[in-house]
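Since the structure of chain A is already known, use the hints to place chain B on it.
2 protein chains.
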Amino acid sequence: MSGERELDSRLRCAALRGRLLSADEAARLIGDGMTVAVSGFTPSGCPKAVPLALAGQVRRGERKLKLTLLSGASTGEELDSAWAECGIIARRMPYMTSKALRAAVNGGGGEEIAYSDVHLGEFAQNARYGFYGKIDVALIEAAAITEEGNLIPTTAVGCSQSWIDLAERVVVELNLRQSAALEGLHDIYRPDDPPARQPIPLTQPAQRIGKPYLRCPAEKIAAVVVSECAEKPRPFPPADAVSDAIAHNIVRFLQKEKEAGRPSADRLPLQSGVGAVANAVLLGLKDSDFDHLNFYSEVMQDGILDLMDAGKADFASATSLSLSESGMARLLGDLEHYRGRLVLRDSEISNSAEVIRRLGVIAMNTAVEADIYGNVNSSQMNGTTVYNGVGGSGDYARGAAISIFMTNSVAKGGKISSIVPMVTHVDHCEHDVDVLVTEQGYADLRGLSPKERARRIIENCAHPAYRGQLRDYFERACAQSGGAQTPHLLDECFAFHRRLRETGSMLEEK
Amino acid sequence: MSGERELDSRLRCAALRGRLLSADEAARLIGDGMTVAVSGFTPSGCPKAVPLALAGQVRRGERKLKLTLLSGASTGEELDSAWAECGIIARRMPYMTSKALRAAVNGGGGEEIAYSDVHLGEFAQNARYGFYGKIDVALIEAAAITEEGNLIPTTAVGCSQSWIDLAERVVVELNLRQSAALEGLHDIYRPDDPPARQPIPLTQPAQRIGKPYLRCPAEKIAAVVVSECAEKPRPFPPADAVSDAIAHNIVRFLQKEKEAGRPSADRLPLQSGVGAVANAVLLGLKDSDFDHLNFYSEVMQDGILDLMDAGKADFASATSLSLSESGMARLLGDLEHYRGRLVLRDSEISNSAEVIRRLGVIAMNTAVEADIYGNVNSSQMNGTTVYNGVGGSGDYARGAAISIFMTNSVAKGGKISSIVPMVTHVDHCEHDVDVLVTEQGYADLRGLSPKERARRIIENCAHPAYRGQLRDYFERACAQSGGAQTPHLLDECFAFHRRLRETGSMLEEK
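Chains as they are written, first to last, in our numbering: chain A, 143 to 652; chain B, 143 to 652.
It is possible that part of the hints are untrue.
Chain copies aren't distinguished; within one or between two, either way the pair holds.
With a straight-line cut-off of 30 angstroms between C-alpha atoms, the simulated DSBU-like cross-links for lysine-lysine are [claimed, not checked]:
id	residue 1	residue 2
1	Lys206	Lys362
2	Lys557	Lys652
3	Lys206	Lys398
4	Lys362	Lys400
5	Lys208	Lys398
6	Lys276	Lys398
7	Lys400	Lys276
8	Lys652	Lys428
9	Lys353	Lys428
10	Lys652	Lys362
11	Lys652	Lys454
No wet-lab data here; the hints were simulated from the structure. Small disclaimer: the values here were computed from a predicted structure and weren't measured.
Chain A on its own, in the form it takes in the complex (with noise of 0.2 angstroms):
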């Protein structure tokens, strides 16, 4: 197809014909001190060209300007790494996973950016309540643009419904580089709020409740900028052992649960999030008794793809297609072999507390530290530095019917143990955490109490070079605290935190 062709089936609506900018023209749209919303989850589906645009005309000093930047969930390395290099981002919200971005939130590298963490299934509602104030530009990428104006999505839904609702205008990005095939893979689904909104009619992961496109009025479409940025897919390292025995333990978690009559991976989805463990888990379900798996995620990972080529997958519903460059291209090769078993919806909605709940998702997600009680750390070193964020795992574990967290037992070659006494943040507590699971075993802590669940944890999946250490406080803490329901000992409690970095290790010299 020509380009003038391809433009003609891409931009659909005549009266934008004269709303064409470029990029840097479109750039200068934003201003200084506005809050800019844009589309996505993930890299996946975020706007490129127009950031990039506006970064090159602060590099080059011809602009000095500071922005709130709200999103779905972390965006590419053309929108937060750029604007946090050239220093344009004052406010920043729900996650991240950008270095240059980490590095400034932390104090690491030039002007410090307020950056706060949202539970991600709340943040398009919240945003609606007016909690961020208001939205100035909603930045779209967008594969097609209707006849009506309305915007066919790409790779990701994320909030852009609501950003276009509560935006005063809107910029499209028209990525020509994403497949026009996409358009139909989206359910796009938006709640009223109350006292207006509805029960959320979605039953079953396949179904579809809402219409294949963002609806936007054309006359709040300020500028359509022709792009052809291609979307640089997140590499993941591959899995090896120790991922492989995480995941061997789940799925024999999941068989042991089938076997008891509880309800398990043949009757309820699954939910995984993003990385080598995850991908792995995904893994060994291929090598699993299980079939007719059903998935109600975030995120559409590789695995999945390889699950419903092996005839294990029914059906994936996710907000992001978050797949390696080869993923996306094995999907996008034959597109129509999977359209049926895919759906992308708004993260409002993959990420709903009532849809999750209703459904029962098995939930797996990873965790930084847990400790002897079950409380999980998703998000900060040491308590103080955050690393990406809580993301959509809170959203998943206190909705599920099965909450899973998965970690090593250690890192950095033994010297840090991810099972602590205490963690020194919580983003997931011992109330939403079901089993902890590491490549040593699970523990199964459903109807525990505290202390049954420090010696499950400790014996099932501590490394052994530190479970003499763990058992020493707990029993300490156990006498001190003359019994009391969840001993610890103030003074030790970050003990292991302190030897690590007085000594490089938290492994008490013998």
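Same frame as chain A, but now just chain B:
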């Protein structure tokens, strides 16, 4: 009405006449090692005669047994206290307020009880998923039994329907002291389990979606015990100047929200916990500009009756009438007046994540301590000794449109600061706390970064006597962490608690 005619009108199922047992006989249906699940929520609606009879049998040395006790929330003295005192309870979930039980859970008396805290809104579902094993006996207080054997609950619902559905057999305490006029107040709706679960159709606090009785096959009822036990309401301390000031600050916040055009008590239903401060907030609303208030809450307190009487509140949905003796007399004395303004639901519905988020509830719960970053401890003293438990606070805080936590800024005559550098236990993480309120003022935390939150909490909420100490900790943590997102000094974060232990006060000597 004569005793016999009264019984006729209460026990309408002829087939059950033959299953009338004394409390003593019925107590013998409960055997060693069993799991017993009881009706009610707070002391309201709990069985009384059979538990007291069983405790008597054990005290007199006639029997020896250990049980698992499941309930809706806490129970009355006849159950938790009586059973804890005679050592019957081996395991207890999901909540408690009994002094004797608390002592046994914390190693302070008799044999230790394995107590674990569970979010109240998830408890019935977890039991149906099979997480707590088989339920042997459901012990249900009823105001009447219908022709079919269905049960009319009394002053609370809790998890009764699930207990009836799951239990091997049902023992009914037909309590003639509970008003027969309670019939019709209840709306019983038990969701099916996944994958068959449908949306809970509730879209307004006043809506009825279920039946006015607990479905119970007559053949499942092993015994009917006629009882005349009076319910002992839990007394709570009267409001004082401090709770009035907290209430004033909450009303001030709500009015500011309304003025800012954001949803407030004029558009969203309120949830309020139990206790003096919660009641003071209700009294505070009486003098506010808000009217047509609606409540979507766990408990109905005297303050809500006051608001109804003052023409300020339209409706209250709850799972329990947690009224004072005079409040209960007031309600029952004019029940026809209140009948259309009140509904009692299953705690799975009152505390449903789905419904709370849909309705956009404004949640108001009490903190034991809060830290400078907005994390809240609702349950554990020194992270070690459980007081009551998390209860339903997490259900509401997580699902709410606006999650407010309130606490006195100091306790024990100023020796304890409720605002500390780091809480010793986290029940509600920083992402679930929108507004923190003390008698000093309120801190609106929405959209703020952790460091911004710290400054606002210290200046607006901490007691002036502690502000210097808190600022000192925060500033040194900022300096030493090199500008990290959430600065903490792990060696010092519990220095307030250490000082309290060593000197009897958290206050630094000048």
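Exercise for the section: Evaluate Lys206 and Lys362 at a C-alpha cut-off of 30 angstroms and name the case that applies: within, between, both or neither. Expected result: Result: close within a single copy only, 26 angstroms intra versus 75 angstroms inter.
Handout entry: Up to 30 angstroms CA-CA - Lys428 versus Lys353, copy category
Key = neither (33 angstroms within a copy, 45 angstroms between copies)
Practice task
At 30 angstroms max between alpha carbons, let me know whether Lys652 reaches Lys454 within a copy, between copies, both or neither.
Solution key: neither (49 angstroms within a copy, 68 angstroms between copies)
Exercise for the section: Could you place Lys652 and Lys362 in one of the four classes (within, between, both, neither) given a Cα distance threshold of 30 angstroms? Expected result: neither (68 angstroms within a copy, 61 angstroms between copies)
Exercise for the section: Classify it for me, Lys362 with Lys400: is the Cα-Cα distance of at most 30 angstroms met within a copy, between copies, both or neither? Expected result: between (52 angstroms within a copy, 28 angstroms between copies)
Exercise for the section: Have a look at Lys652 and Lys428 and pick one of within, between, both or neither, based on CA distance no larger than 30 angstroms. Expected result: For Lys652 and Lys428, neither the intra-copy (43 angstroms) nor the inter-copy (65 angstroms) Cα distance is at most 30 angstroms.
Problem - Intra/inter-copy verdict for Lys400 and Lys276 if alpha-carbon distance must be at most 30 angstroms - result: Answer is between: at 16 angstroms across copies they meet the 30 angstroms cutoff, but 49 angstroms inside does not.
Handout entry: Intra- versus inter-subunit Cα pairing at 30 angstroms for Lys276 with Lys398
Key = between (50 angstroms within a copy, 17 angstroms between copies)
Practice task
If the cutoff is 30 angstroms on CA atoms, where do Lys206 and Lys398 land: within, between, both or neither? Let me know, please.
Solution key: neither (59 angstroms within a copy, 34 angstroms between copies)
Exercise for the section: Evaluate Lys557 and Lys652 at a C-alpha cut-off of 30 angstroms and name the case that applies: within, between, both or neither. Expected result: This pair counts as within: shortest intra-copy Cα distance 14 angstroms, inter-copy 41 angstroms.
Exercise for the section: Go through the copies and call it for Lys208 and Lys398: within, between, both or neither, with a Cα cutoff of 30 angstroms. Expected result: Classified as between: cross-chain Cα gap 28 angstroms, same-chain 54 angstroms, threshold 30 angstroms.
In summary, the structure is inconsistent with hints 3, 8, 9, 10 and 11 from the numbered list given earlier, while agreeing with the others.
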